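There are 2 protein chains.
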Amino acid sequence: AIFNQACALLGPKNKYQGLHMVVTAGPTQEPLDPVRYFTNHSSGKMGFAIARAAAEQGADVTLVSGPVNLTPPPGVELIRVTTAEEMYRAVMDAYPKADLVIKAAAVADYRPATVHGQKMKKGGEMAIPLVRNPDILAELGKKKENQILVGFAAETENLQENATGKLDRKNLDMIVANDLTMAGAGFKADTNIVRLYFRDGTEKELPLMTKDEVARQILHEATQLLTKQ
Amino acid sequence: AIFNQACALLGPKNKYQGLHMVVTAGPTQEPLDPVRYFTNHSSGKMGFAIARAAAEQGADVTLVSGPVNLTPPPGVELIRVTTAEEMYRAVMDAYPKADLVIKAAAVADYRPATVHGQKMKKGGEMAIPLVRNPDILAELGKKKENQILVGFAAETENLQENATGKLDRKNLDMIVANDLTMAGAGFKADTNIVRLYFRDGTEKELPLMTKDEVARQILHEATQLLTKQ
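Quick mapping for you: the protein sequence lines, in order, are chains S and Y.
Numbering of the first sequence is given in the working numbering, commencing with residue 10 and proceeding in unit increments.
Numbering of the second sequence is given in the working numbering, commencing with residue 10 and proceeding in unit increments.
Chain S with its partners taken away, still in its complex shape:
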């Protein structure tokens, strides 16, 4: 409500002033020993672009990021984490005061069941037992009060089915889906091609654009949802 009033009073330059946002970005790293770890190809570019675009337009942004090689956006509170468990704690701490959460991080679903204190020595055949990491997005969905919750689905097949399934299951308001197999989309690129799915069943397809442009579109749609509440 405070955000709505602020929006009405302010011009486009500071159009997100008064908005408290949490954005997550990057991969997580799940250690097996002091040297080896599991991770994924997330570059953090999408989450950083969202944090930058929001801060430029006056939002109060907490960016929780896994290990990435990116310059922190000016005016953003950056919390660096390594593992999914660290990201879970940082996001949960920031959640109560957030109006909008955009979870662009690619959090590892699993981690090695045992983290060895010393570098493991070679043996014969082996298998690494894994355990589930906390599901940050599902937890946010369960604990949701007035927050708008936006997730991502990066898929290599069955894009719509996987994305809308996740939207429902995790109690999201919007999900940003991209097909990692398309040229110009995905983790390493500076561009993205996304489709937005909303809780009311509507969807919106965005053309190929830079991640900065995608970031502004996602922010526009997400804050529209906030003013509709």
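Honestly, the hints are just simulated from the structure, not real lab data.
It does not matter which identical chain is used: a pair holds within one copy or between any two.
Listed next, the in silico DSS-like pairs over lysine-lysine satisfying Cα-Cα at most 30 Å (straight line):
| hint | residue 1 | residue 2 |
| --- | --- | --- |
| 1 | 179 | 213 |
| 2 | 152 | 128 |
| 3 | 175 | 106 |
| 4 | 179 | 130 |
| 5 | 151 | 128 |
| 6 | 128 | 179 |
| 7 | 130 | 213 |
| 8 | 213 | 175 |
| 9 | 131 | 213 |
| 10 | 131 | 175 |
None of the values given here were measured: they were computed from a predicted structure.
Put chain Y on the given structure of chain S with help from the hints.
Chain Y in isolation, oriented as in the chain S frame:
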């Protein structure tokens, strides 16, 4: 022999002219699916420093590197690879014409037994079956003719025992050992503290120095071995 004659004729500026070197650097990435992979914390800095120092002094350097965020040294032939199997093939191709091989890469000992073509979906508990990667250094040791072969041992415990065991087992001429638990040593730092172990049972401890200085020391010791042949 050609290298020895060249050394005798040339001054210190081009003191490695005529020397054919293969240097490996960085981690390898072992994919589980299009998104997820296993890797390690190697930054590639040590291998890149060696390649740069050697090229600056006239050596003909092939640098085979896993994924890193480093600027390629000028005058070096850089071959980028991702997995241990790709590194194995690139190194074996370059081996016959090499006088000196310095293997600074942190190659994954294991890879997931199955690489899934699509992004894997969450299930319950799981374990990832692994298979052994080719042991590049051991293969180089077996196929050695006149080459000088230098390996690295990055350890968190039993440094001397692990390093000299590897030296013998893999038929190396010298091994560069560092204790990852020491401040100023290891993967991410710009400095290193190393101990050199030689085939004849001698060893040499170097003080804390930059990776560029360590690189020059390693090159000096390795080319000494070459002239002794």
